[in-house]
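2 protein chains.
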Amino acid sequence: MASNSGRRLNIDNINPHVRAAKYAVRGELAVKSEEYRAALLNGPAAGLPFKEVISANIGNPQQLDQKPITFFRQVLSILENPALLEKADVLVNHLGYKPDVLERAKRLLAQVGSVGAYSASNGVPAIRQSIAEFLERRDGFPANQADIYLSAGASSGVNTLLHVICAGEKSGILVPIPQYPLYTASLSVLNAACVPYYLDESKNWGTDLGTIKEAYEKAKAEGVDVRAIVIINPGNPTGASLSEEDIRAVIDFARQQRLVVLADEVYQTNVFIGEFISFKRMLRQMQKEKPGVYDDVELASLHSVSKGMVGECGHRGGYFELVGFDPQVQAEIYKFVSIMLCAPVIGQCLVELMVNPPRPGEPSYELYQQEYDAIFNGLRERATALHKAFEQMEGVECGVPQGSMYLFPTIKLPPKAAEAAAAEGRTPDEFYCMRLLEATGVCVVPGSGFGQKEGTLHFRTTFLAPGTEWVGSIVKFHKEFMDKYR
Amino acid sequence: MASNSGRRLNIDNINPHVRAAKYAVRGELAVKSEEYRAALLNGPAAGLPFKEVISANIGNPQQLDQKPITFFRQVLSILENPALLEKADVLVNHLGYKPDVLERAKRLLAQVGSVGAYSASNGVPAIRQSIAEFLERRDGFPANQADIYLSAGASSGVNTLLHVICAGEKSGILVPIPQYPLYTASLSVLNAACVPYYLDESKNWGTDLGTIKEAYEKAKAEGVDVRAIVIINPGNPTGASLSEEDIRAVIDFARQQRLVVLADEVYQTNVFIGEFISFKRMLRQMQKEKPGVYDDVELASLHSVSKGMVGECGHRGGYFELVGFDPQVQAEIYKFVSIMLCAPVIGQCLVELMVNPPRPGEPSYELYQQEYDAIFNGLRERATALHKAFEQMEGVECGVPQGSMYLFPTIKLPPKAAEAAAAEGRTPDEFYCMRLLEATGVCVVPGSGFGQKEGTLHFRTTFLAPGTEWVGSIVKFHKEFMDKYR
Numbered sequence: 001m002a003s004n005s006g007r008r009l010n011i012d013n014i015n016p017h018v019r020a021a022k023y024a025v026r027g028e029l030a031v032k033s034e035e036y037r038a039a040l041l042n043g044p045a046a047g048l049p050f051k052e053v054i055s056a057n058i059g060n061p062q063q064l065d066q067k068p069i070t071f072f073r074q075v076l077s078i079l080e081n082p083a084l085l086e087k088a089d090v091l092v093n094h095l096g097y098k099p100d101v102l103e104r105a106k107r108l109l110a111q112v113g114s115v116g117a118y119s120a121s122n123g124v125p126a127i128r129q130s131i132a133e134f135l136e137r138r139d140g141f142p143a144n145q146a147d148i149y150l151s152a153g154a155s156s157g158v159n160t161l162l163h164v165i166c167a168g169e170k171s172g173i174l175v176p177i178p179q180y181p182l183y184t185a186s187l188s189v190l191n192a193a194c195v196p197y198y199l200d201e202s203k204n205w206g207t208d209l210g211t212i213k214e215a216y217e218k219a220k221a222e223g224v225d226v227r228a229i230v231i232i233n234p235g236n237p238t239g240a241s242l243s244e245e246d247i248r249a250v251i252d253f254a255r256q257q258r259l260v261v262l263a264d265e266v267y268q269t270n271v272f273i274g275e276f277i278s279f280k281r282m283l284r285q286m287q288k289e290k291p292g293v294y295d296d297v298e299l300a301s302l303h304s305v306s307k308g309m310v311g312e313c314g315h316r317g318g319y320f321e322l323v324g325f326d327p328q329v330q331a332e333i334y335k336f337v338s339i340m341l342c343a344p345v346i347g348q349c350l351v352e353l354m355v356n357p358p359r360p361g362e363p364s365y366e367l368y369q370q371e372y373d374a375i376f377n378g379l380r381e382r383a384t385a386l387h388k389a390f391e392q393m394e395g396v397e398c399g400v401p402q403g404s405m406y407l408f409p410t411i412k413l414p415p416k417a418a419e420a421a422a423a424e425g426r427t428p429d430e431f432y433c434m435r436l437l438e439a440t441g442v443c444v445v446p447g448s449g450f451g452q453k454e455g456t457l458h459f460r461t462t463f464l465a466p467g468t469e470w471v472g473s474i475v476k477f478h479k480e481f482m483d484k485y486r
Numbered sequence: 001m002a003s004n005s006g007r008r009l010n011i012d013n014i015n016p017h018v019r020a021a022k023y024a025v026r027g028e029l030a031v032k033s034e035e036y037r038a039a040l041l042n043g044p045a046a047g048l049p050f051k052e053v054i055s056a057n058i059g060n061p062q063q064l065d066q067k068p069i070t071f072f073r074q075v076l077s078i079l080e081n082p083a084l085l086e087k088a089d090v091l092v093n094h095l096g097y098k099p100d101v102l103e104r105a106k107r108l109l110a111q112v113g114s115v116g117a118y119s120a121s122n123g124v125p126a127i128r129q130s131i132a133e134f135l136e137r138r139d140g141f142p143a144n145q146a147d148i149y150l151s152a153g154a155s156s157g158v159n160t161l162l163h164v165i166c167a168g169e170k171s172g173i174l175v176p177i178p179q180y181p182l183y184t185a186s187l188s189v190l191n192a193a194c195v196p197y198y199l200d201e202s203k204n205w206g207t208d209l210g211t212i213k214e215a216y217e218k219a220k221a222e223g224v225d226v227r228a229i230v231i232i233n234p235g236n237p238t239g240a241s242l243s244e245e246d247i248r249a250v251i252d253f254a255r256q257q258r259l260v261v262l263a264d265e266v267y268q269t270n271v272f273i274g275e276f277i278s279f280k281r282m283l284r285q286m287q288k289e290k291p292g293v294y295d296d297v298e299l300a301s302l303h304s305v306s307k308g309m310v311g312e313c314g315h316r317g318g319y320f321e322l323v324g325f326d327p328q329v330q331a332e333i334y335k336f337v338s339i340m341l342c343a344p345v346i347g348q349c350l351v352e353l354m355v356n357p358p359r360p361g362e363p364s365y366e367l368y369q370q371e372y373d374a375i376f377n378g379l380r381e382r383a384t385a386l387h388k389a390f391e392q393m394e395g396v397e398c399g400v401p402q403g404s405m406y407l408f409p410t411i412k413l414p415p416k417a418a419e420a421a422a423a424e425g426r427t428p429d430e431f432y433c434m435r436l437l438e439a440t441g442v443c444v445v446p447g448s449g450f451g452q453k454e455g456t457l458h459f460r461t462t463f464l465a466p467g468t469e470w471v472g473s474i475v476k477f478h479k480e481f482m483d484k485y486r
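Chains as they are written, first to last, in the UniProt record's numbering: chain A, 1 to 486; chain D, 1 to 486.
Hints are computed from structural coordinates only; laboratory data are not their basis. Keep in mind that the hints are not guaranteed to be accurate.
Repeated chains share a single entry, so a pair holds when one copy, or any two copies, can fit it.
Said to hold, decoys possible - With a Cα cut of at most 20 Å, we get these calculated DMTMM-like pairs of lysine to aspartate or glutamate:
{"id": "1", "residue 1": "LYS22", "residue 2": "ASP12"}
{"id": "2", "residue 1": "LYS22", "residue 2": "GLU332"}
{"id": "3", "residue 1": "LYS218", "residue 2": "GLU454"}
Just need the whole structure built from these sequences, with the hints factored in.
In structure tokens:
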């Protein structure tokens, strides 16, 4: 008879590092929310106290309300079916494709061949060149296409970099807390050491060099070979944009301690307050100011089509740029990415469109800019409305929305809630988020999924969902929750 | 001043397991061939003795001559730009899109939402359902969508499975030799043990159970905890389709030794001789024949849009089905894939189109079938022509083309060639392939990149490139090479 005992694999003998990895963004709450969504498809008689599930747990703009940018998708439709170019008049006269859409598609097809063919493992050369030109425009310093690697979203780039950098369980990486859990999960799988450093909530979640140094020294004293520092700027889950001063301090520290800087800059256009300053620009600036001093700093910066006003997560497009890396190490990075062959080619093309959108005077520019601005303003308005709601809620504190796609409020819960949570084997923030989901259909992620200072509680919510009804239901739930456990 | 010494990372301190990985399909020869290709773009004056580079090193059909299937690409063009559906009359009357193209695109959009949104980490539920129905039609046994995981090509699926199965350096996986080097490279990166077993060249590269047992026992005696056996069927690089008898023997052995079966079945439609029999079908058959005996066998079978008549490698679409896995282990697999969020959604849609193509009587059927057959016949003709050329070549032996996209001839080279190779620090087959590339622009992969028995030499070439000129140039090169080193 069938029995578990005959199976080769069980929870106790599979890779313990995979088992140890935690990824709360898609954890128990997310799974439960999908079950609710499926139940609701069977009609309102599902017996749930809400009519729809709001997935505020993950930055997935097009799952909610965000429309894709027309120019991007028109070009992609031609790349998928190049035969359309034989009917240019139909595209232009009947389907409203502007001439620059056709031109861009032709150019990309000439460079790519077919989007159904593997590209070079580091990406299509001409797309790398276009990214290099974008980086030059953005930063005012040269960029070299040979140092750019296309990836399947930024996540895959992070996976590559951590794989090459970490050489065993003694290798450590400084990771901000709170952080996007990709970093801790990947380090778990790699069985390398996560060296957490706390961001400063009192200073809008900025980096505090003293805290970073302390974390570094502590890890070093414990025998950890700290090799790199991760910076998420603008922050996830915090939304904070680092100041020039903070960036300089991090680069200087990285130089002193010989740390690779991993700059996760996927929210670079999601900035409401302050401005985005790239690590690359700052590093080049510092190299210019003090010739020779910063030449050995190694920087990898990552970007993606998933966020910003592009929001094309499902296409899994992204890239990273390496600065100052040893050519032999770069060759190993190339070999590593080649094992998975190449990043999705249509996603690579979307990266090209993102970094090289229509310019003023070009036929598609006006609509592009209009769509772009509408998305930007919509995100800001939703963030503001959500923030306003948080301000009314007892025991909830939340800084002014700064950027990215998230708010990360602190919540103070009554001791009775903590007791009820403990009785369920949950942390209080998990308990709170589970009750919120059950009562309202709104799925958020407990702060413990990103890390938070001992004794503090938070949750992360996106501000992507349209309308205000769901915001109202959070306010109502919160009041009832507080009353119940007061 | 800049100096290497200040850098944190160098070839000696990065992850030694990444460094140890070998991936010849995209190794030195491939890099050199791309340099030649770039040089030729600058005009024929590049001083090279050939006019074009023939990339016969990698199964990349659309880089060469293979056209995408029209139905697939028409649907994808609408998925990328759903606004096209508002102009259904233009699509049908001016662009030749058949009604079933529009219907399929509508249905997929209803299931997916936007191809720019993340899907569930294991893939869009409706696409998993469609795959399950395909598997039922193919095998005559039920399949459950909950056991299916969409992946970014089969490579990413293999990466996932090996990550979960291997629990340290003592974990071993039986891998056929010759093999597609994804397996050895991934095991290197994971620092797990590759347990090689040789395929039997004298029996059309079939599996030989005696050889497998020997490899298994030897590894076990050395303290390796052998956990799984990889079977590539039809074979890569060999093209062989396993007989029902061979498959039964492998499953029986897996049951006895409690090994997970990893069936890489990406070439399942590339079969010229014999027939493709899936491991799933055979396992279910055996379970039916002897109730209870095979219930605990764990099987993972992989498929992809990259090969077959689809040939859409650049889209990075694939899936794997799990049979008999422990639910807790499946939950860990889900968590692992969720760290990278999801497979490219447009690639997932292409998987759906592959497993559920137009059927007889549907408007797009005729063209689909015509294109499909033309690709199939074209591949067979090219394989036959190449095989004929090999038959004329001194010291070259090659079995009749059986399937996949490759031929894998044995070559016998004169001792002087081996000496010249040694003087260059190369194996004789590497030396031969490098000279071939330099003389003809034809890039193939030395047998050592896949593994071969001590004392034998081979190379792998795809038969995807059009025309016969390149085949002639191989024949001419070979004669000159043999004369030179005789």
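Tested hints:
1. In this homomeric assembly, LYS22 and ASP12 come within 20 Å of each other (Cα to Cα) only inside a single copy, at 16 Å, whereas the closest approach across copies is 31 Å.
2. In this assembly of identical chains, LYS22 and GLU332 lie within 20 Å of each other by CA distance solely across copies; the values are 10 Å between and 28 Å within a copy.
3. Only within a single protomer do LYS218 and GLU454 lie at most 20 Å apart by alpha-carbon distance; the minimum there is 18 Å, versus 51 Å between protomers.
Violated hints are absent here; each numbered hint is respected by the structure.
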